[in-house]
Amino acid sequence: MLEFNKWFFVLALNFFVLLFILNAILFKPLLKIFKEREDTVKGSLDAAKDMNDRREESIVRLNRELAEARTKSKAIFETLRAEGQQKQKEVFSSASAEASEILEKARAEIKAEAEKARQSLRADIDKFSDEIVRKLVKV
Amino acid sequence: MVEEKLLMDIIVSPEVVPHVVSYALLASLILIGTALAVKSSLRLVPVGVQNVMETFVEAILKLVEDNIGHHWGKQLFPFICTIFVFILLCNFMGLIPGFACPTANINTNAAMAVPVFLLTHYYGVRAHGVKYLYHFLGPMRSIAALPLMILMFFTEFIGHLARPLTLTVRLFGNMTAKHIILFVLAIISPWVVPTAILALGVLVSIVQAFVFTLLATLYLAGAVEEAH
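Protein chains in written order, with the numbering used here: chain Y, 1 to 139; chain H, 1 to 228.
The hints are simulated quantities; they were obtained by calculation from the structure and are not laboratory data.
Built from N, CA and C at the ideal position, the CB exists for glycine as well.
Misleading hints may appear alongside valid ones.
[Unchecked claim] Restraint-style ranges between C-beta atoms, simulated for each label pair:
#1 Phe4/Y / Glu156/H: 23 to 29 Å
#2 Val184/H / Glu36/Y: 23 to 29 Å
#3 Glu225/H / Glu65/Y: 56 to 62 Å
#4 Gly222/H / Ser58/Y: 26 to 32 Å
#5 Ile32/H / Arg55/Y: 33 to 39 Å
#6 His121/H / Arg55/Y: 36 to 42 Å
#7 Asp53/Y / Lys74/H: 31 to 37 Å
#8 Ile181/H / Lys6/Y: 43 to 49 Å
#9 Lys6/Y / Glu156/H: 49 to 55 Å
#10 Ser58/Y / Gly48/H: 26 to 32 Å
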């Protein structure tokens, strides 16, 4: 056991052969797998980070577009309301003018009718007076 | 000492190839077989034996990269990881009846400790060039400190020479002691005590494999880091 002999060289050769074989068939492939795994994890993390960045950007863009749409819709609403109020005013004034005109016309017509009736009654006054007198005398 | 009768004697005679060598070869074959099984079903999401292998490999990769750094660590990782899985399997083989423990022999341990020693200095020179010598001269480098630098050089030199020796003997001592204790207790009081020692043997096997690996890593890390 304590004898240092020629078998040392055989064992050293065995060790070196084992080293080269294990390096070729085990360590190199395993290190490659470790690297691939690291790259995959790193790639996935990068992809997740990219997606997160894109999500943040999308949220910012969505909020901006929402704010723009709100401003735009408010402006349109205000314009339409102003237009509506203008239209309402116009309709009111035109209806008011029309009503005044109809009223004036009706008044004139009533006045003419009254005058006509008055004249017709005036023409019949003498006839009605004679009738009254004759009836009184007869009595 | 009388050679025990073991399973591998069926395939190869211990007179021709000693147990230590035949079981070291068997350990290599088991590791290669496992590696092939893992490679044939390699997936991004691990299952089965790939999980077990990945646990060992990732733990050693982390140990190496934390201590040596990413650049040199990547180059030295296969060497250190092979040491760990090989020693661990060899240590565990010593716990199975009918199997021998190749690490309970200094030739097996030296076959790993000497390459650790050689690679330490090879990578030291590769990383620092001539300045690697600063590692041997201690923290003070001036003319006034020359005697101290010479003293430090010899101290470091002896320290570096002792490293493969201590790596070899530490693993050998622990594995042999465990083996002998199990053997003796099995004769004196079968079942209960040897079972407890066997559980301790599992722990020692893992710890010693890790200690060898950790020290090899630290020696290599010390060689490639900047001299203080």
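Outcome of the hint check:
The hint said 23 to 29 Å for the Cβ distance between Phe4/Y and Glu156/H, and at roughly 25 Å that hint holds. Range check, Val184/H to Glu36/Y: Cβ separation about 51 Å, and the 23 to 29 Å hint is violated. Restraint check, Glu225/H to Glu65/Y: a C-beta distance of roughly 59 Å satisfies the suggested window 56 to 62 Å. The given range of 26 to 32 Å is broken by Gly222/H and Ser58/Y, whose C-beta atoms sit roughly 55 Å from each other.
Judged by the Cβ atoms, the range 33 to 39 Å given for Ile32/H and Arg55/Y is violated: they are separated by roughly 51 Å. Separated by about 57 Å at the C-beta atoms, His121/H and Arg55/Y break the suggested range of 36 to 42 Å. Against the hinted window of 31 to 37 Å, the Cβ-Cβ separation of Asp53/Y and Lys74/H comes to about 34 Å, which satisfies the hint. Range check, Ile181/H to Lys6/Y: about 30 Å between beta-carbon atoms, so the 43 to 49 Å window is missed.
Restraint check, Lys6/Y to Glu156/H: a C-beta distance of roughly 32 Å breaks the suggested window 49 to 55 Å. The beta-carbon spacing between Ser58/Y and Gly48/H, approximately 44 Å, falls outside the hinted interval of 26 to 32 Å.
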